[in-house]
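Colleague: Please model the complete structure; the sequences and the hints are all you need to start from.
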Amino acid sequence: MLSQIKVFPFITVAFFSVSFLAGEDTTIDFAREVLPILSNKCFACHGPDTKKKDLVRLDLEELAKKDLGGYHAIDPNDLIESELLFRIADEDDPMPPEDFGKSLSAKEKKLITDWVKSGAQYAQHWSFVAPSKGRVEPTGNPVDHFIARGLKRAGSRFAEEPDRATLARRASLILNGLPPEPEELDEFLSDDEPGAYEHFLARLFAKVDYGEHVSRYWLDAVRYGDTHGLHLDNRRGIYPYRDWVVRALNANQPIDEFIRFQLAGDLMPNPSEDQKIATGYVRLNPTSGEGGAIRQELQAKNNFDRVETTGTALLGLSLTCSRCHTHKYDPITHQEYFEFLAFFNNTAEESMDRNKYVYGDHLTVAKDPVSKKKWNDFLKKETEFLKEVKDSGKYNGKDDSLSSLTDLLNADLGKPGNQVRGSSTNYPRNQKPEMAIDDRPGTKYLNRDGNGSGLTIITRLGLVAGLSLTSAEDAPGRDPKTYRLEGSTNGKSFTLISEGEVPNFTKRRQKKEILFDNNSSYQHYRLTFPKLVDVYSKEMQIAEVELLKKDVIAKDDLLARAQVLNAERINSEKNYLTTTLIARELPQQSRRETKILERGEYTKPIGKALDPGVFSILGKMKEGSPSNRLGLANWITSDEQPLTSRVLVNRFWLMVFGEGLVRTPEEFGLQGEHPTHPELLDWLAVDFRENGWNLKRLLTQLLSSRTFRQSSARRLDFPDPENRNWGRGPSFRLDAEVVRDLSLWSSGLLNRKIGGEGFKPYQPSGMWIALSHPNSDTKNYKMDTDDSIYRRSLYMYWKRTSPHPMMSLFDAPSRESSCVQRSRTSTSLQSLALLNETQRLEASRKLAERLIRHAVEDTARIHYLFELLTSRKPKSIEIDALSELLQNSKTRYSKNPSDALKLMGQGLSAVDQKLPTEEVAAWTQVAATMLASDPALLLY
Amino acid sequence: MNPSDILFDHSLSVTRRKFFGRSALGLGTAAMAGLLGSDLLGKKSFDGMHHQAKAKRVIYLFMSGGPSHIDMWDYKPKLNDEFGKDLPPEVRDGQRITGMTSGQKSLPLAPSKYKFTKQENNDRGVWVSSLLPHTTKVAKELCVVHGTFTEAINHDPAITYIQTGSQIPGRPSLGAWLSYGLGSMNEDLPNYVVMHARSNHPQQSLFNRLWGTGFMPSDHQGVLFRAAENPVLYLKNPAGVSRSDRRSQLDALSVLNQNHYQDFADPEVLSRIKQHEMAYRMQSSIPELMDHSEEPDEVFDLYGEDAKTAGTFAASCLNARRMAQRGVRNIQIFHRGWDSHGNLPSQHGSQCKDIDQACYALITDLKRLGMLDDTLVVWGGEFGRTNYCQGKLTRENYGRDHHPRAFTTWMAGGGVKPGITYGQSDQYGYNLTDRDGNVIKPNMDHWTKDTMHVHDLNATILHLLGIDHRKLTYRYQGRDFRLTDIHGHVVKDIIA
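If you're matching them up, the sequences are chains F and X in order. At position 279 of the first sequence (counting the first as 1) the number is 279 in the numbering used here, and the numbers step up by one without a gap. At position 249 of the second sequence (counting the first as 1) the number is 249 in the numbering used here, and the numbers step up by one without a gap.
Hints may be right or wrong, so weigh each one.
[As the list claims (entries may be wrong)] As a list, the in silico SDA-like pairs of lysine to any residue whose alpha-carbon atoms are at most 20 angstroms apart:
| no. | chain 1 | residue 1 | chain 2 | residue 2 |
| --- | --- | --- | --- | --- |
| 1 | F | Lys-52 | X | Asp-445 |
| 2 | F | Lys-102 | X | Arg-475 |
| 3 | F | Lys-875 | X | Val-255 |
| 4 | F | Lys-604 | X | Ala-152 |
| 5 | X | Lys-236 | F | Pro-764 |
| 6 | F | Lys-890 | X | Ser-248 |
| 7 | X | Lys-441 | F | Thr-603 |
| 8 | X | Lys-471 | F | Gly-101 |
| 9 | X | Lys-236 | F | Leu-901 |
| 10 | F | Lys-873 | X | Gln-262 |
| 11 | X | Lys-236 | F | Met-767 |
| 12 | F | Lys-875 | X | Asp-251 |
| 13 | X | Lys-274 | F | Lys-51 |
| 14 | F | Lys-873 | X | Val-255 |
| 15 | F | Lys-902 | X | Lys-236 |
| 16 | F | Lys-52 | X | His-446 |
| 17 | F | Lys-102 | X | Ile-486 |
| 18 | F | Lys-51 | X | Asp-445 |
| 19 | F | Lys-902 | X | Ser-248 |
| 20 | F | Lys-779 | X | Lys-236 |
The set of hints was computed from the structure by calculation and includes no laboratory data.
Modeller: So this is what it looks like as structure tokens:
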């Protein structure tokens, strides 16, 4: 009986009474209180993946309340007789069984019991129900409405506001990943107008820094890297995707569209360059070209990775479970996993990357904005020139491109690879006339048979003004005595170009050139040798023949200019253009079949081929929606789909407040945490969607809230260690990139170049070679030696199997897999890196120079140091501590000037020779210390 | 108590709660100590998380590339008789082989050219090849596991599998799990150390993920000790900065940070103050550790001349012993170059020369110091090598492809039965068999006696260190992840 019940979708049988607020009354909130217990402790056996047909199902109300032959797991008519209650209370044979490893606490038993006794009403898991907007007060920031209500209920209220400078630093670090510039800060602090703070925020949003900073979170989630990630871990070309993300965020592209571009830009009508670049998302999974690898295995693994990353990054769902079997906790079936996978199984690239920079579909694009401008300038010049050529009417049919014009001059005529025909079939094997153009010195016979035999070279249209002949290995008598060269455009009627004597060869394998005048270009050249050196010889032999192009620069101005411009084109292509991996869908006739893989093993496809599909618990795709990535993209960003906007809003909240409303931002399923403020999350999710997925608007809402504008000091009056009530402002150690950028910024070294290939700063030697395969093209770390080493960390070259240690040490993920929340650790290795790493010492020195130049008094310099890094004035205790360090250091370096010079020798940047050495060295110590201190490294 | 102390106390309990929040079943005092610094609990070491630990520490000698069981440990005289004959289809039984040999016309059987001799141990004896003249001498200490197997047949997935429990990147490494579970036993050295030993054939890649933390906090990652000017990244003060200069810096830093703590009472600030001090101690403890000049001559006689050259496997083993003495719990040495698809005799010859005496020395040394009992030494690679030849086969020269279905690892000390062999392969060195020679097709879901899946190996290692591999979990994406996924069986047969 049980087996006949259709298991999914369970949304249809679930009873809806989602009352999120369990505050004052004692009603048990099933979804928030009971369901997590059932999921965590019961569903592994009594949930969606229940194997045995006769096992009780607790995940579905209908099944839980089913008559099981005289008894019910939950008896709707006699609740206290429910078998569930007996079993969880049974001490001899408890549920869950002891060997399961998870038992119910007394509190949990009571909750379940109370819930059953109070009617055992089921409700859907909160995140699978579409969010709706609760009512908020018409005035004030809606965020505060919810948070203040919670605080009030907890017997508290907002913390005091931080001082404005601290607030400005906080906002700037969150939106730009850098503190405010001193002038900006001054302007803000002296702006007494209402709306000054909003005005300040608007300035932060307008800076390029905004996109550069905010994009990092996205790049972590989609695991962006500059190498393949597996085995050789070679270079791969996809950084234009990274730069597109920055551009899109700076342009405030609606986030739903931002997502659709990435999932399916290539499937949109007449996709733009950006739409194609964005599909790099589909190509970001780590790939391998390992010698022994099996294509089908990698196809499966690549797809798993895409599915599971999409699950984590966009749906907040762990899908990995359902790769092997129906999900243990969430109502997602094994089949649905593979239906979802089918969306990704038909991109055109091969599953193995052959260790190539470019593999599969790619797009040629400008390297960076500066290159793009230069390239466009060139194109403009080229267009104008081609028009001029056309107008001249001199090269009809050849005037549509520089290359067809320069072909007239530059064709690589008579080179290996050109088509060559012998005019006789009477020649020894392996020494055919066709081989006369192969760059090998071996002898070739061009048999004379009285018909002027020789060879015909078919090449690109071009002007020939010479011949190069190389004598054969032996038999000088068989050398040619005369030549005859004819040209033809159609290969049928030939016109004489030149004929005459062949210069005497004085050695074997000797090259001789014959030059002549010619103004006509042809495509077919027939070369014959009417006379031989030994007139009695029957066979003529030669090692190598080459047609020499004509240099006509002096003769025709247009062609000469074409030649120059074409050289510029070739250089420009090299300097300004690069490639980026993109997605392309296979055409209908060559699509791959997707089947369920038993236990996720690629060798075990089972059942019939599946059509792409979405998880039924999350609703359906729209009627008529295309059954491909575009349909998927539309579904993921649709109003009805309950997860995406919640998941994203939560991540942006996390970015701003340091923790999410949902503390498990990677997991919104049954095993995830309940939001601290469900109504707020839902309100924001709906509001975000309703307002065009406008990220800058959302962030403005968050940053201008009173909730954000609280002191971040821990409160004695309201201890809330995890800040679940949001009764204090955010505080956390800044991310690896910000820690680095901050030091460069304060020193004045920061290079603001936007976009382009990842740069390679100082790195301890030998780190890559120690790990790398001998054939890897990333085995040698070659540091850049120009000012690109001072670029923002976003642009740092990301080798996935060995990211830069200054990133890894400070919790940056490897980008081998999706990461939506970084850990924040404190380690002794970080301490060593903060105080000893070359770039930080260099930045400390440049910061020291800046301080010294800024003011004469030591105290004024310390003030400036604090202003830069903390946006506040130093306290006397801080001034004293740094002054003491300064004096000690001055004494020390005055006595040991050579040590001062050594310290200042860190890094490539020039030392300001005008400043006294021991002074700079002493201040370098002070700056390095300040840069390593928590007042500088933390957001607060 | 001043207010910030109260807050600190409070924050500790929070950290604890947060910590438990991530671990489904909670951890014992050990993990807490690792988190908070063992001094807070007034204990220096622990008896194990879930049960009495047999081993306090582990030294894992990882042979990257796949050492040939057939040429080193798994004696197969039958192959001599079958020289050059095709691998019988019934032996292969349709099992997949890599893309490197699947296109070969034949799979000719390649007997080892090395002479094997039977060594006495505490059981039925163990055959060892002439490639390992030194290791042979400690046969009575070794538990040689012939029954190891894996599913992965290529390097990247296989090495990722054995080190992280998953073929796809993203999971914490074995070492990270140990760090997370057991915490540290010392106050001035890292808890989990990784070394890369030099090889003449550095084929095949290593990846940070092999000692990385995946979704776990990154402070559990292995700390790389390198044969470089700075054994640990950024260890040394820059030129021109003396130790007392650094002390002045740290004193000032401490004032700044404590002042910040006074203002914000953020417990993380206190944790960072501690870490700065530990870093300062490491700046003297690590050079002391890496300085072998105090070691007497007989130590170098034992480990061999190589041990005098930094970065060799022998020097790394000596480092490992010195670390073990100083309370480093978890030490891993990666030795590359075992991927001998061709010219196996010359490559493996060189590889074995790198490791043989040092393996012997390490075990002898630990035993001499009375440390072998509570130090688990593990030796092995990500898979074995095929019994058939890749490329041209002669009696004297051949190559071997990857072989996952049977390979040899060994363990010593740390509560493992000394001087035994465990499991066996068939006469071809291809499939695993039971003691009677019946072929077993083992499956990671159901452990079969005489076999040791890579998950079983990891489960057993954890067990010896006092950890129940089913209970050491970390919650990520709503799932209580384990090193052994949903698999793994503690092979009690090899435990003393």
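Colleague: Can you give the numbers of the hints that this structure goes against, from lowest to highest?
Modeller: Result: hints 13 and 20 break, sorted rising.
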